[in-house]
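Student: So the protein sequences, as listed, match chains A and B.
Mapped onto our numbering, the consecutive letters of the first sequence carry residue numbers 1 to 145.
Mapped onto our numbering, the consecutive letters of the second sequence carry residue numbers 1 to 418.
Heads up, a few of these hints could be off.
Once the Cα atoms are required to be at most 20 Å apart in a straight line, the calculated EDC-like pairs of lysine to aspartate or glutamate come out as [claimed, not checked]:
{"id": "1", "chain 1": "B", "residue 1": "Lys395", "chain 2": "B", "residue 2": "Asp379"}
{"id": "2", "chain 1": "B", "residue 1": "Lys395", "chain 2": "A", "residue 2": "Glu35"}
{"id": "3", "chain 1": "B", "residue 1": "Lys395", "chain 2": "B", "residue 2": "Asp360"}
{"id": "4", "chain 1": "B", "residue 1": "Lys395", "chain 2": "A", "residue 2": "Glu34"}
Heads up, incomplete: computed chain B residues facing chain A, CB under 7 Å, no partners named [to be verified]:
{"id": "5", "residue": "Ser55"}
{"id": "6", "residue": "Leu62"}
{"id": "7", "residue": "Asn76"}
{"id": "8", "residue": "Cys81"}
{"id": "9", "residue": "Tyr137"}
{"id": "10", "residue": "Arg139"}
{"id": "11", "residue": "Ser143"}
{"id": "12", "residue": "Ile285"}
{"id": "13", "residue": "Ile288"}
{"id": "14", "residue": "Phe355"}
{"id": "15", "residue": "Leu401"}
{"id": "16", "residue": "Thr403"}
Worth flagging that the hints you see were computed from the coordinates, not collected in a lab.
Positions of the beta carbon are idealized from the N, C-alpha and C atoms, including for glycine.
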Amino acid sequence: MNSSPGTESPSVLLTGTSSDAHTWNLVYLQLVLEEIGHTVANLGPCPPDDLVVRSCLELQPGLVVVSSVNGHGFNDGLRLIRALRAQPELASTTVVIGGKLVTDGLRNVGMIRRLTAAGYDRVFDDGELPAFRALAARTPYRAVS
Amino acid sequence: MTPPSFGGFVARAHARGELVVQPRMGFSDPRLMREGLERTRAAEAVTVGTLTLDSYTRVNDLAAARLAVAEGVPLNGYPICTHAPAVSHTVLDGIHGTGFPVQVRHGSARPEHIVAALLALGLDATEGGPVSYCLPYSRTPLSEAVAAWRTVCGMLARAGTDDRVPHLESFGGCMLGQLCPPSVLVALSVLEGVFFARHGLRSVSLSYAQQTSPEQDREAVAALDALAGELLPGVDRHLVVYAYMGVYPASRTGALRLLEAAARLAVESGAARLIVKTAAEAHRIPTIADNVEALETAARAARTAVRPAAGAGPGVDSEVYAEARALVHTVLALHDDVGEALLLAFRRGLLDIPFCLHPDNAGRTRSFIDTDGRLRWSDTGRLPLARTAVAGARKLTSADLLTALTRVQRTYDPGGTR
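This is chain A alone, in the form it adopts within the complex (with noise of 0.2 Å):
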């Protein structure tokens, strides 16, 4: 169950990080997502960073969505998102993450500004999930062109 089936133009890309290789988080929100209607194009565990920039070029979804649990996320995460934002294509795309961003599992205000700070749009604590799922219910089901 890789990608939503039939989909070309995916409007929502699931990521995990490079150094991630949890899988459940990435198979249930893809359920979820796909429950609001949207297409989704899962890129699965452990993606390098060049890879999740070149399934935006050309996927070019509406929203990222990077999730996280092995406590390396916000180290992760923060490279990702520069690299992302490098690119004057995504400059406005949709970027959130969340998860288990660190290794002590603590929330961690000072994670978050910095998250946000480097271009995330949100960044969502393990169990904020109906905060996401309102996240994603207001982002358009088809890709921005």
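Using the hints provided, position chain B relative to the given structure of chain A.
Tutor: Below, chain B without anything else, positioned relative to chain A:
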């Protein structure tokens, strides 16, 4: 001095009736790593040590590991390829030995750099496998993982001498941690064990991760034992149980009770070793104290359980054995080379892991937790199993998936279901 032998140590403990318990522990700070090993050795339990490696080392992004170490960013494991060998010797010297062998746990689909590093440090026990560390956790094509694991098996085998016996554990009993029907876990563990043995390993262990039904779990470990006996004659081997690898109970009491159940499963099914989970599992990377508590809790629970007499368990008279046997023999009949057989099997969907996102997995199978708690198929795809193996089919929603993924957590947490 005789070098430590991981398989030999476990076999001696098993013969004495002791369950070997092992943490899954790794820290980037060498002093903390050494302290973790020291306190594992000192725990009130028969233990072996673990160096769990960090995610950057796993995916061979050594530049990121170096940068993190230089900047003091804590990693989620020990960067064995990044710290200088002299530093790693300060972690291991006087600890790794015949009375306390240390195993490297890593999760890498292409572990050539890791195996080279661990052999250079005088270590020779590790784990993984061409399928079990590729499909669930990587984007590496399966053919590349098979080639890499042929190489590392050769490296480990060549390091063996008359009294140095490298050991390799298959991680095939985990496969995404949850919702994979046990017959596939058993089949993959056996097939990876056969792969290791055909590539020169003389000491292997086969794994099985605790699932949703204690009865089905006991059948699965019995099936693993029986198939290993049939297909790995003359190879030093033991069985290792993993405490639940899925969504873990959030409460301390729930987490420890689930661990105790895993320890009893290990003893009652005749397994020789248990990899523990801690009470902190659901919240963060566990501390040394969390790990010691888990080791001692598991060892206490193991002492209350009774190993069955030979022939007293479920043996080969079970659904799990019948399915696993069909899978193993179908795959082995595809090609004389086990690696090629595994590639053909996944290409044709004869092996197929439910919910696995890897492009080389067919993705035609689906599973669910039946009302009796057993994991069953809702779609067997092209698996060589009878149609009667399919027990129910309807479209899975995100809520259904979450319910299934959290079933064990809810069962063990206070106020949970059942």
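Student: Now, for every hint given, state plainly whether the structure supports it.
Tutor: How the hints compare with the structure:
1. Taking the CA atoms of Lys395 of chain B and Asp379 of chain B, the gap is near 11 Å; set against the 20 Å cutoff, the hint holds.
2. Taken as a hint, the Lys395 of chain B and Glu35 of chain A pair is honoured in the structure, with Cα atoms around 12 Å apart against an allowance of 20 Å.
3. Using a Cα cut-off of 20 Å, the hinted pair Lys395 of chain B and Asp360 of chain B is violated, with the two alpha carbons roughly 23 Å apart.
4. Of the pairs offered as hints, the one joining Lys395 of chain B and Glu34 of chain A holds, with about 13 Å between alpha carbons and a cut-off of 20 Å not exceeded.
5. Interface hint status for Ser55 of chain B: upheld, as the beta-carbon distance to the closest one in chain A is roughly 4 Å, under 7 Å.
6. Taken as an interface hint, Leu62 of chain B does not check out: its beta carbon lies about 12 Å from the nearest beta carbon of chain A, beyond 7 Å.
7. Interface hint at Asn76 of chain B: satisfied, since its Cβ lies 5 Å from the closest Cβ of chain A, which is below the 7 Å cut-off.
8. Residue-level restraint check for Cys81 of chain B is violated (minimum Cβ-Cβ distance to chain A is 14 Å; threshold 7 Å).
9. Of the supplied interface hints, the one on Tyr137 of chain B holds, with its beta-carbon coming within about 3 Å of a beta-carbon of chain A, less than 7 Å.
10. Proximity of Arg139 of chain B to chain A holds as hinted, the smallest CB-CB distance being about 5 Å (cut-off 7 Å).
11. Interface hint status for Ser143 of chain B: violated, as the beta-carbon distance to the closest one in chain A is roughly 17 Å, over 7 Å.
12. Hint on Ile285 of chain B holds. Least Cβ distance to chain A is approximately 5 Å, under the 7 Å limit.
13. Taking 7 Å as the C-beta cut-off, the interface hint given for Ile288 of chain B is violated, the closest approach to chain A being about 14 Å.
14. Interface restraint check for Phe355 of chain B: the shortest CB-CB distance to chain A comes to about 5 Å, inside 7 Å, so the restraint holds.
15. The beta carbon of Leu401 of chain B comes within 6 Å of a beta carbon in chain A, closer than 7 Å, and the hint placing it at the interface holds.
16. Contact between Thr403 of chain B and chain A, as hinted, is not supported at the beta carbon level, the nearest pair being about 11 Å apart and thus beyond 7 Å.
Checked against the numbered hints given earlier, this structure breaks hints 3, 6, 8, 11, 13, 16; the rest are met.
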